[in-house]
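Novice: The primary structure of each chain is shown beneath.
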Amino acid sequence: MHKTVVASIRKNAGKTSLIVGLAKCLEKEFLYLKPYGDKLYYRKKLLWDYDAALITSIFDLSRNPENMSIGFDHSKVRYKYDEKTITKKISEMTAPEEGEETHVFIEAAETLSYGAFAYLDALSLARYTGGKFIIVTGGDDETIMDDIYFLKKYITMEHIDFGGVIINKVPNPEEFKSKYSEILKDAGIHIIGILPYVDELMHLTVNNLVDRLFPRIIAGSSGLANSIKNIFIGTMSGKAALQNLHFVHGVEKLVITTGDRSDMIISALESDTSCILLTNDIMPDSNIISKASELGIPLLLVIEDTYRIAQLIEKMEALLTRGDTGKINALKKIVIENVDMETLDMGV
Amino acid sequence: MDRQHQMMKRLFEPRSVLVAGASREETNSGYKIISNMVNGGYKGAVYPVNPKGGRILGFPVYKRIEDIDDEKGIDLGIILVPARFVFDAIKSSAGKNIACNLIISSGFSEIGNIQEEARIARFARDTGMRIVGPNTFGIYSRNVSINCTLGPGEIKPGEVAIITQSSAIGLSIMGWTAAENIGLSAITALGNKSDVDEADLLQYLMRDAHTRVIFMYIESIGDGERFVRTLERTSRAKPVIVLKAGRSQRGAMTVASHTGVPAGEDSIFGDIMRQFGILRAESISEALLWCKFIACSPPPKGENSVIVTNSGGAGVLCTDACDEYNVPLFDNAETLRKVFTTVTPEHGSVKNPIDLTGKAAPDTYNEALDAAVKCDDIDTVIALYCEREVFSEEELCRMVQRNYDTFRKTKKVLSFSLIGGNAIVRCRGELEKRKIPIHKDIYEAVSPVGAFYFYNRYRKNRGRIEANADLDYDAIARTIYDIKKEKRFFLIADEARKIMNIAGIRVPRSLKAASLEHAVRSAEKIGYPVVMKIVSKNIICKSTAGGVALDLVNEHEVADAYEVIMKKCRTNSSHAVIEGVEIAEMVQEGIECTVTAKKDRSFGPVIMTGSGGIYAEVMKDVACRAFPVKRRDVLSMMSQIGLYPLLFGIKGEERKDIDALITMIIKLGSIVHTIRDISEIATEPVLVCDEGDGINVLDVKILLARD
Numbered sequence: 397m398h399k400t401v402v403a404s405i406r407k408n409a410g411k412t413s414l415i416v417g418l419a420k421c422l423e424k425e426f427l428y429l430k431p432y433g434d435k436l437y438y439r440k441k442l443l444w445d446y447d448a449a450l451i452t453s454i455f456d457l458s459r460n461p462e463n464m465s466i467g468f469d470h471s472k473v474r475y476k477y478d479e480k481t482i483t484k485k486i487s488e489m490t491a492p493e494e495g496e497e498t499h500v501f502i503e504a505a506e507t508l509s510y511g512a513f514a515y516l517d518a519l520s521l522a523r524y525t526g527g528k529f530i531i532v533t534g535g536d537d538e539t540i541m542d543d544i545y546f547l548k549k550y551i552t553m554e555h556i557d558f559g560g561v562i563i564n565k566v567p568n569p570e571e572f573k574s575k576y577s578e579i580l581k582d583a584g585i586h587i588i589g590i591l592p593y594v595d596e597l598m599h600l601t602v603n604n605l606v607d608r609l610f611p612r613i614i615a616g617s618s619g620l621a622n623s624i625k626n627i628f629i630g631t632m633s634g635k636a637a638l639q640n641l642h643f644v645h646g647v648e649k650l651v652i653t654t655g656d657r658s659d660m661i662i663s664a665l666e667s668d669t670s671c672i673l674l675t676n677d678i679m680p681d682s683n684i685i686s687k688a689s690e691l692g693i694p695l696l697l698v699i700e701d702t703y704r705i706a707q708l709i710e711k712m713e714a715l716l717t718r719g720d721t722g723k724i725n726a727l728k729k730i731v732i733e734n735v736d737m738e739t740l741d742m743g744v
Numbered sequence: 003m004d005r006q007h008q009m010m011k012r013l014f015e016p017r018s019v020l021v022a023g024a025s026r027e028e029t030n031s032g033y034k035i036i037s038n039m040v041n042g043g044y045k046g047a048v049y050p051v052n053p054k055g056g057r058i059l060g061f062p063v064y065k066r067i068e069d070i071d072d073e074k075g076i077d078l079g080i081i082l083v084p085a086r087f088v089f090d091a092i093k094s095s096a097g098k099n100i101a102c103n104l105i106i107s108s109g110f111s112e113i114g115n116i117q118e119e120a121r122i123a124r125f126a127r128d129t130g131m132r133i134v135g136p137n138t139f140g141i142y143s144r145n146v147s148i149n150c151t152l153g154p155g156e157i158k159p160g161e162v163a164i165i166t167q168s169s170a171i172g173l174s175i176m177g178w179t180a181a182e183n184i185g186l187s188a189i190t191a192l193g194n195k196s197d198v199d200e201a202d203l204l205q206y207l208m209r210d211a212h213t214r215v216i217f218m219y220i221e222s223i224g225d226g227e228r229f230v231r232t233l234e235r236t237s238r239a240k241p242v243i244v245l246k247a248g249r250s251q252r253g254a255m256t257v258a259s260h261t262g263v264p265a266g267e268d269s270i271f272g273d274i275m276r277q278f279g280i281l282r283a284e285s286i287s288e289a290l291l292w293c294k295f296i297a298c299s300p301p302p303k304g305e306n307s308v309i310v311t312n313s314g315g316a317g318v319l320c321t322d323a324c325d326e327y328n329v330p331l332f333d334n335a336e337t338l339r340k341v342f343t344t345v346t347p348e349h350g351s352v353k354n355p356i357d358l359t360g361k362a363a364p365d366t367y368n369e370a371l372d373a374a375v376k377c378d379d380i381d382t383v384i385a386l387y388c389e390r391e392v393f394s395e396e397e398l399c400r401m402v403q404r405n406y407d408t409f410r411k412t413k414k415v416l417s418f419s420l421i422g423g424n425a426i427v428r429c430r431g432e433l434e435k436r437k438i439p440i441h442k443d444i445y446e447a448v449s450p451v452g453a454f455y456f457y458n459r460y461r462k463n464r465g466r467i468e469a470n471a472d473l474d475y476d477a478i479a480r481t482i483y484d485i486k487k488e489k490r491f492f493l494i495a496d497e498a499r500k501i502m503n504i505a506g507i508r509v510p511r512s513l514k515a516a517s518l519e520h521a522v523r524s525a526e527k528i529g530y531p532v533v534m535k536i537v538s539k540n541i542i543c544k545s546t547a548g549g550v551a552l553d554l555v556n557e558h559e560v561a562d563a564y565e566v567i568m569k570k571c572r573t574n575s576s577h578a579v580i581e582g583v584e585i586a587e588m589v590q591e592g593i594e595c596t597v598t599a600k601k602d603r604s605f606g607p608v609i610m611t612g613s614g615g616i617y618a619e620v621m622k623d624v625a626c627r628a629f630p631v632k633r634r635d636v637l638s639m640m641s642q643i644g645l646y647p648l649l650f651g652i653k654g655e656e657r658k659d660i661d662a663l664i665t666m667i668i669k670l671g672s673i674v675h676t677i678r679d680i681s682e683i684a685t686e687p688v689l690v691c692d693e694g695d696g697i698n699v700l701d702v703k704i705l706l707a708r709d
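Chains A and B, in that order, give the protein sequences.
Take any residue in the first sequence, count from 1 to its spot, add 396: that is its number in my numbering.
Take any residue in the second sequence, count from 1 to its spot, add 2: that is its number in my numbering.
I should point out that these hints are in silico values taken from the structure, not numbers from a laboratory.
You may find that some hints are simply not true.
Pair ranges (Cβ atoms, derived) [stated by the list, open to error]:
| id | chain 1 | residue 1 | chain 2 | residue 2 | range |
| --- | --- | --- | --- | --- | --- |
| 1 | A | D659 | B | G114 | 56 to 64 angstroms |
| 2 | A | K480 | B | H577 | 30 to 38 angstroms |
| 3 | B | G114 | A | K635 | 19 to 27 angstroms |
| 4 | B | H577 | A | P567 | 30 to 38 angstroms |
| 5 | B | R428 | A | K635 | 30 to 38 angstroms |
Listed next, the stretches of chain A that the computed footprint assigns to chain B, with coverage defined by at least 3 CB atoms under 8 angstroms from CB atoms of chain B [stated by the list, open to error]:
| id | segment |
| --- | --- |
| 6 | 437-443 |
| 7 | 539-548 |
Since the structure is predicted, the reported quantities are computational estimates derived from the model, not experimental observations.
Glycine residues also receive a C-beta, built at the ideal position from the N, C-alpha and C atoms.
Throw the hints in and build the complete structure from the sequences for me.
Specialist: Now the structure itself:
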């Protein structure tokens, strides 16, 4: 049975996207686990991690996402388990059921240290499972090199099957290679792949907003896959917005306003807008709803105020959603073209 | 007579008037005011003031206010000087023991000159004088025949008093009343309301013998609590009609920018008006229609109304109108037959509407209306006349006049509508000159009857005893004292629970837990199923922060819920200090509603109730009343919301404990009304159990006032 533990030193390195790309290349059934969840969802007394649900739905996995995580908070994990019982639990979770294929992806929590107090940090997971341990790093050159040197100097890989590092979101991979290949070779860190920064993968989609904000979709559900490249807060009149350069020239934008700003909403509908997010639970007029429906521009209604919603969106990652077929295929292509699959020993 | 009323009496019935800014120029406001006073027949002393001296309309002009010699003190000052001289004029008038200054000059808060207006108001307060305005048009008062306004010189004395906030609207209404021959007992505009407000004027007008009905045009309300209380007292004495600007959202925005004061939540305003029997008009024409009718008609003794018509179609339209304006039609077929058979022509109808047919001549109307007057069971007649060849203009006028006089003598209500062309228009004009309210449309004839009935119902049914809960208010005050010291403005779960316990309001049993282990133990102690809620001094809205989990039935669910609540609250309120969770018993039986008592910034203490559950936020199904209330007010408030019929039990359900809910609402209102430091108590959901089983408050939020 092959196991791959995917971890990162920092948040938002792209672990889930990498697993999606790798799993696409695998072209056979696999198991996915995220023992210490960080994107918690709770509905009808069921608890799951967003990434687990995403991967389950993209690949139509047979196990339920709520069974892919042990916990999300120290308090509960420590209340239920100690180090010994948690090892046992992990081993039960990674054991294939009858008829299941054998590859297991284990996604570690958001950073290398996250979950250590609950016995579920990345290095512990690698040790419990004996899986191939991969570190994903990304960002600007300095961040990447800091991460790699930090790993080299301070992280002991004793009893860990360390596969190497995948460098993600590199704006210019060729330039990066020419600049750092020799240095990295000297450092003795195996680089499994250098993946380019792809603009398309970095933008939020309307689906991301729907998944995270739980709005009421009032109109334009055909546009939920729309990409969001700009965000505009429409607290002014529609006339004033039309004099604002960010509004006029902002393409594929998300406009955040309230339902009673009819003039603002109409101005947004008449410009290059991907989605209009209506705050404070104020329903717009019915003619606006009809117009948005005709144009296929989603109108999303939330209870929260504009400031709070803007804060939430600011913190939001451009997570994949099931409908992002283009993005998912792009990830597969990036992995095929840039990752040394032999090192990963996935049987591809 | 209290000092307050004494001051208003000197405003409305001045013995002497000073006019600062008097002028000899006939086109000048300073001339117009004096000319209106002279033409209106004012008999008191007039002291024009202008540095140039001389005489105006026979009055000697004083160069300085200080030169006026009136030992008794001047009652009223009219200030017309430019804004920059107003303060000095006010200051000088103080030396003359002036009671009230009416500042007609503009150029104050309406253009942003707030400081100067505040300086004048402060000075007036310190010296004990009252200020009307600035930016008013003056005052007319029938009691002393004083017309010191910038409006028309001739004002017909009558029984309608008008208070307007806007001078421009006020002047237009003055013109309108003159054109419609509506007599006035008083009219003034409050302008910027730097001191005297609606409540001050109402205190005088409610006792004024010449005033039968009061019409107010309002844009914004300053001291809402005082306004509401005074309005209630006034409405007990005489009908009050209110036209409020800023009903719509955009209208409210315009009011805020026009007056610098928020218009106030219109739904709350509407509910409070309903509570106090205030007639809320939607337009000036509707308000004046009601004024005219109420001023001219005797109060209805009952509500048995009969339509008398010469057209079946008009009768049907009138029936629709009666339904719309809640005017009950008298339906006793036997009585109607007895009263009207002999006076109704062949082919007519003696069922209400009484159809006298198109052939009805003046005598037919006279006989039918005489028969209605004689019948003790009939209180009101709505008489309709559609133009026919049977009547001449003169005959029609004579018939209407005759019947109007008969109804007045017998103190019954008659509302006449004449529908037709030029002859009818001329006839209406003639009758209006005689102060007979004649309507040109059927709905117009019914609407004032409906308004009068509404007011009469309020007068008859209003309870006399205000419901106030007998609670240990000192214990509540002590509970919040320490919280205020911490500079905290909301109560956490156990503190709010303590207040509910003092008030005797049932809340589910609960325990506070600082850890997951403790939470599990608490849940076992209370017994499953349980509810879990975050406890933090920094999280006011627990559900928005993700801090509530319901119906947890075992240890596993408690552990999951604890994890979720901690995670979400830490994410959503990253700076919050979390003390733990509250584990409470899960109560499920009952009809869900919401109850809030709060100090509304426009209207003072109010109580509100609404449908609960998932529909509450979307439907905005909420009704409101000003506090204190009578128990019947609470029931009337509840009857406005959608869930009201459910409280009586439908489809085999038991009737719910409405009495317990009313008591609980009164308790919350009493706390907010009595304890100055509590600004809001919001309970949601409240479960109303079967009759006799009381209510359960599942969650309560108590906010404290910021000093």
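Novice: Each hint: holds or not?
Specialist: Cross-check of the supplied hints:
1. A:D659 / B:G114: 56 to 64 angstroms: Because 26 angstroms falls outside the window, the suggested range is violated.
2. A:K480 / B:H577: 30 to 38 angstroms: Between K480 (chain A) and H577 (chain B), where Cβ atoms are some 37 angstroms apart, the hint holds.
3. B:G114 / A:K635: 19 to 27 angstroms: 24 angstroms, holds
4. B:H577 / A:P567: 30 to 38 angstroms: 35 angstroms, holds
5. B:R428 / A:K635: 30 to 38 angstroms: Given range 30 to 38 angstroms: violated, Cβ gap about 51 angstroms.
6. 437-443: Satisfied; 3 residues make the cut.
7. 539-548: violated (count 0)
The structure fails hints 1, 5 and 7 (numbered hints given earlier, in ascending order).
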